[in-house]
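Sequence lines, in order, name chains A and B. For the first sequence, the tail end lands on 110 under our numbering, and the numbers increase by one without skipping. For the second sequence, the tail end lands on 674 under our numbering, and the numbers increase by one without skipping.
No lab work stands behind these hints, which were simulated from the structure alone. A few of these clues could be false.
Covered by chain B, per the in silico footprint, the following chain A stretches (three or more residues, Cβ under 8 Å) [as the list claims (entries may be wrong)]:
{"id": "1", "stretch": "3 to 12"}
{"id": "2", "stretch": "76 to 90"}
Partial list, derived from the structure: chain B residues whose beta carbon lies under 7 Å from chain A [to be verified]:
{"id": "3", "residue": "Gln574"}
{"id": "4", "residue": "Ala580"}
{"id": "5", "residue": "Leu584"}
{"id": "6", "residue": "Val659"}
{"id": "7", "residue": "Gly661"}
{"id": "8", "residue": "Arg669"}
{"id": "9", "residue": "Ala671"}
{"id": "10", "residue": "Gly673"}
Because the structure is a prediction, the values reported are computed rather than measured. Cβ coordinates follow ideal geometry from the N, Cα and C atoms, glycine included.
Spelled out from the first residue to the last, the chains are:
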Amino acid sequence: MPSRARPLSPHVGIYRWQIGNSLSILHRATGVLLAVGLLALGYWLVSLAGGEQSYAAAVRLFASPVGVLFLMGWSFSFLYHLLNGVRHLFWDVGRGFERAERHASGWLVFLGSITLTLCLWGLIWAEHHS
Amino acid sequence: MSLRSPLGQVTGLGSAKDGTGDWWSQRVTAVALVPLTLWFLFSLLTLPGLDYITVRTWLSFPMSAFLAALLVVVLTYHSYLGTTVVIEDYVHSHGTKLFSLLLLRFLYVLVGGASIFAILRVAFGS
């Protein structure tokens, strides 16, 4: 028996958090969150087909504080996944791989999705209070 | 004994031919989802309200129902491909992986099917 633990090959735990891997993990996390959002979209559509009462129940749920929090999370997830997805498509055709380009597009996507989320909810707030 | 040449075997089975099917579908659906999701978002934002009558009237227009059905199909497929990869990456036990992948597939068909059926009910007014 070996007297001490054998060395293991490196796994995710050893990597330093940087813009590149953080945004990559965020792409996955937002994708999983949006998959849950698909259930909510399905529920919303089924409630609409079900009639006025079931639709009213769904709207009450989505308009509750927890519901709004989820909608905010889904909207940010959608906007981030959309922008970063386009970034991935550029990589797929072989563009934007240089270090400076990767960093610039990464920050653009991250800050852009936060800005767009704030704009979206600003718009919703303004319409709600007009 | 096979009479196929080594080159013939390779060109028929190479990973660039069959192995990238899911990867490619993920990209094709991603491209399709850019206009479809933005159409959905802008449609909801430009409606005068999100009350029952307004939303139901909007979704019963043929073009809205058609695009909404397309959105649900493409979105469900794209999401299915994505979450499948996540399970394949992080679930290591063979049995649990098989079970969760099957469960996922059933769930997606169920949710996607229910959503399409709901859109058709609104569109055809039943």
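The hints, checked one at a time:
| no. | hint | in the structure |
| --- | --- | --- |
| 1 | 3 to 12 | holds (count 3) |
| 2 | 76 to 90 | violated (count 0) |
| 3 | Gln574 | violated (10 Å) |
| 4 | Ala580 | violated (12 Å) |
| 5 | Leu584 | violated (11 Å) |
| 6 | Val659 | holds (5 Å) |
| 7 | Gly661 | violated (9 Å) |
| 8 | Arg669 | holds (4 Å) |
| 9 | Ala671 | violated (10 Å) |
| 10 | Gly673 | violated (10 Å) |
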